[in-house]
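There are 2 protein chains.
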Amino acid sequence: MSLIVQKYGGSSVHSTERIKRVAEHVVATRRQGHDVVVVVSAMGDTTDELLDLARALTPAAAPRELDVLLTTGERISNALMAIAIESLGTEARSFSGAQAGVRTTGAAGRARIVEVVPDRVRSALDRGAVAVVAGFQGISRDTGDVTTLGRGGSDTTAVALAAALKADLCEIYTDVDGVYSADPRLVPDARLLENVGYEVMHELAMSGAKVLAPRSVAYAARHQVPIRVRSSFSTNPGTMVAGSADLPPAEHSSVTGVAHDSSKARITLAGVPDAPELTSRILHLVADVEAELHFAVRGRTDISLVLPAADGPPALRALRQECADLGVEELHYDEQIGKVSLVGNGLLSHPGVLATCCETLTEAGVHLETITTSDIRITALCPAPQLPHAVRAWHTAFALAAPELATVHAGSGR
Amino acid sequence: MSLIVQKYGGSSVHSTERIKRVAEHVVATRRQGHDVVVVVSAMGDTTDELLDLARALTPAAAPRELDVLLTTGERISNALMAIAIESLGTEARSFSGAQAGVRTTGAAGRARIVEVVPDRVRSALDRGAVAVVAGFQGISRDTGDVTTLGRGGSDTTAVALAAALKADLCEIYTDVDGVYSADPRLVPDARLLENVGYEVMHELAMSGAKVLAPRSVAYAARHQVPIRVRSSFSTNPGTMVAGSADLPPAEHSSVTGVAHDSSKARITLAGVPDAPELTSRILHLVADVEAELHFAVRGRTDISLVLPAADGPPALRALRQECADLGVEELHYDEQIGKVSLVGNGLLSHPGVLATCCETLTEAGVHLETITTSDIRITALCPAPQLPHAVRAWHTAFALAAPELATVHAGSGR
Numbered sequence: 001m002s003l004i005v006q007k008y009g010g011s012s013v014h015s016t017e018r019i020k021r022v023a024e025h026v027v028a029t030r031r032q033g034h035d036v037v038v039v040v041s042a043m044g045d046t047t048d049e050l051l052d053l054a055r056a057l058t059p060a061a062a063p064r065e066l067d068v069l070l071t072t073g074e075r076i077s078n079a080l081m082a083i084a085i086e087s088l089g090t091e092a093r094s095f096s097g098a099q100a101g102v103r104t105t106g107a108a109g110r111a112r113i114v115e116v117v118p119d120r121v122r123s124a125l126d127r128g129a130v131a132v133v134a135g136f137q138g139i140s141r142d143t144g145d146v147t148t149l150g151r152g153g154s155d156t157t158a159v160a161l162a163a164a165l166k167a168d169l170c171e172i173y174t175d176v177d178g179v180y181s182a183d184p185r186l187v188p189d190a191r192l193l194e195n196v197g198y199e200v201m202h203e204l205a206m207s208g209a210k211v212l213a214p215r216s217v218a219y220a221a222r223h224q225v226p227i228r229v230r231s232s233f234s235t236n237p238g239t240m241v242a243g244s245a246d247l248p249p250a251e252h253s254s255v256t257g258v259a260h261d262s263s264k265a266r267i268t269l270a271g272v273p274d275a276p277e278l279t280s281r282i283l284h285l286v287a288d289v290e291a292e293l294h295f296a297v298r299g300r301t302d303i304s305l306v307l308p309a310a311d312g313p314p315a316l317r318a319l320r321q322e323c324a325d326l327g328v329e330e331l332h333y334d335e336q337i338g339k340v341s342l343v344g345n346g347l348l349s350h351p352g353v354l355a356t357c358c359e360t361l362t363e364a365g366v367h368l369e370t371i372t373t374s375d376i377r378i379t380a381l382c383p384a385p386q387l388p389h390a391v392r393a394w395h396t397a398f399a400l401a402a403p404e405l406a407t408v409h410a411g412s413g414r
Numbered sequence: 001m002s003l004i005v006q007k008y009g010g011s012s013v014h015s016t017e018r019i020k021r022v023a024e025h026v027v028a029t030r031r032q033g034h035d036v037v038v039v040v041s042a043m044g045d046t047t048d049e050l051l052d053l054a055r056a057l058t059p060a061a062a063p064r065e066l067d068v069l070l071t072t073g074e075r076i077s078n079a080l081m082a083i084a085i086e087s088l089g090t091e092a093r094s095f096s097g098a099q100a101g102v103r104t105t106g107a108a109g110r111a112r113i114v115e116v117v118p119d120r121v122r123s124a125l126d127r128g129a130v131a132v133v134a135g136f137q138g139i140s141r142d143t144g145d146v147t148t149l150g151r152g153g154s155d156t157t158a159v160a161l162a163a164a165l166k167a168d169l170c171e172i173y174t175d176v177d178g179v180y181s182a183d184p185r186l187v188p189d190a191r192l193l194e195n196v197g198y199e200v201m202h203e204l205a206m207s208g209a210k211v212l213a214p215r216s217v218a219y220a221a222r223h224q225v226p227i228r229v230r231s232s233f234s235t236n237p238g239t240m241v242a243g244s245a246d247l248p249p250a251e252h253s254s255v256t257g258v259a260h261d262s263s264k265a266r267i268t269l270a271g272v273p274d275a276p277e278l279t280s281r282i283l284h285l286v287a288d289v290e291a292e293l294h295f296a297v298r299g300r301t302d303i304s305l306v307l308p309a310a311d312g313p314p315a316l317r318a319l320r321q322e323c324a325d326l327g328v329e330e331l332h333y334d335e336q337i338g339k340v341s342l343v344g345n346g347l348l349s350h351p352g353v354l355a356t357c358c359e360t361l362t363e364a365g366v367h368l369e370t371i372t373t374s375d376i377r378i379t380a381l382c383p384a385p386q387l388p389h390a391v392r393a394w395h396t397a398f399a400l401a402a403p404e405l406a407t408v409h410a411g412s413g414r
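Chains A and B, in that order, are what the protein sequence lines are.
Each residue of the first sequence is one higher than the one before, starting from 1 at the first, in our numbering.
Each residue of the second sequence is one higher than the one before, starting from 1 at the first, in our numbering.
Just so you know, these hints were derived from the structure itself, not from any lab.
Treat the hints with caution; some may be incorrect.
Here are some of the chain A residues that sit facing chain B, going by a computed Cβ distance under 10 Å [said to hold, decoys possible]:
1) 58
2) 62
3) 66
4) 69
5) 92
6) 144
Please read these numbers as outputs of a predicted model, since none were measured by experiment.
Glycine included, every Cβ here is placed at the ideal spot set by N, Cα and C.
Model the full structure from these sequences, guided by the hints.
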């Protein structure tokens, strides 16, 4: 008998029909003798509907109250899940993030988990009940206010609960079969990965793979929580994410997969005078934005900020106001750019990997704008329309396709 | 400067447009220098929509989880109200029932308030903020579970908060102008009452007047909380409900008004053997139902149970099973009966009131089935279709009409 945390995303609980199916799966797990904690996201579009109500009142809702509003979505799906489980004859109890002991920082809308004190969850389990915990939310350790954890918060709730309860496994149920070597919508012969280490998974997530939130992977790595990513709609065992010591040695090569991200925009300040304090002033202007900076020095310096597309227009406005003041010659804005990343262990210690990256993009007709490297990631920026070509070029060049599909691929002469 | 608790019902916050209007009214009150606590019900049909979701899963949802589900409705309207108030430049903070210190018994779906410890509400007021509190909900003192207060729970939340905060006034905003001498939909010349004492108001509420929940009136009487019932949609000062010592002496007569209730059914057990333990056995069978009992002795005894129509069918099934066993000769069921009540101080000490009640019903062609009396109430049962005639007959007989309208009425020869 083990303790399993199961997290179900919004698409898995989109309707009462789906909630029933998830409840049946939870009850089956419980009847196998496991202790089960279920973490549920809000139903399908609930969060967007709640945001629409707030926007109808004001474009600038108070962040604290927006958090209160949004947390009701998970409270609803949670109560419904507990009702569905109990209707199948298995005891269940739902808990808000606060009741489950999820304590956070005070930053409304993007709080971070500080600690988890799951006493009530533990005592529900001790009584034989399934504990159903609202994802994405907690309570501020300082103010006692309800907080939300930001994007991917429910994954982090599940992992943090698994860590605090010393669970044997954290299962993340989603609408795909697991982690693939590339997005199967772009690369039809992408391979389902059986095992991925924390570091590589974190890098994939940071580079645009949406299957797991980066923060939840980092939390899992820190607390050594094994994660299984799998589908709510199949029995495929999915992908195991764990420390490399707990995984079998890598199978084919050190390259794990190709991630891509088409949600970024770019602001380029061309001809920036070479004064060090200017960089910090630019960063200060866009302080609330998760921006990467790129420098190109040609006499005067070009600085590019690669940032989420939604943050682009306000950042641009802020920078434009200061531009003359900063002595910047030109300001360019790309509202969408393509970003492709090759992720795997020790990439730069394998001779030729970086060269192959550059060559294959050129051969595929992709205009390579910038390339950055770390020991486990090589990232290229390219025009947004060329991104699918770039993903497929790298996926083929590093032989990442599923073996059986690769054979078909070669034989069919496509 | 005083402290005012304002409660707004579901129709007052039915849409974001109405929430904005209420927020403007709250902010106007705050700017007059008053401390303001706002209690908000769920938006329009939210509660029914949530119940539909639960019913799609199972006809018998776990009561504890149903409470969690339903309390989200008030959390949503509450957060939206705080957002709307803050968008007008006045600080506001929303609180759940639990955060506002509303502690209850553990009975899911029909918890009662045990105590209110509004420390967080008080400190929000001390900081100059408007406190927005979710009605209809609390936290069980014993289990820490979220609870709901049952029908009219938001009125009770408002009154209980007003009592705990020693508020100067509790305003109940609704969709009518106040408490009338009869339902204006049945009696067009019904008079808006300026003042009503707690006892009479409680009796009116118990007899079917929907403007205030009986439990909230009882709570107000116990803690001497003055209530003003008024409309969200007009500036009419409405009706003051207070202790008789705090009100001017009654104006016209001791009869205050006529209440009616068309939501009741009746089960009649005809020919019950005269054994005392049978009554307690019958009551035991319908223990969860708020039933009034009527006895008619004619050789053998007829027992009638007058109960909420929704409780009729299950109670009937329970009684039918036991009927032969109980030695009951016949079982009758009226799925809807009419109930009309005359309410006022010292009714039976006024000679002729009871006689007038009986005579006017007969003259109006109403079949009087049962009549019961207390010192402040006379209640008659009649066939449901005759109920409007009964209400109008008593309202006219005791000259309860609004004076100006009564004149017009007489003059126009209608």
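(request) If any of the earlier hints don't hold here, list their numbers in rising order. (result) none
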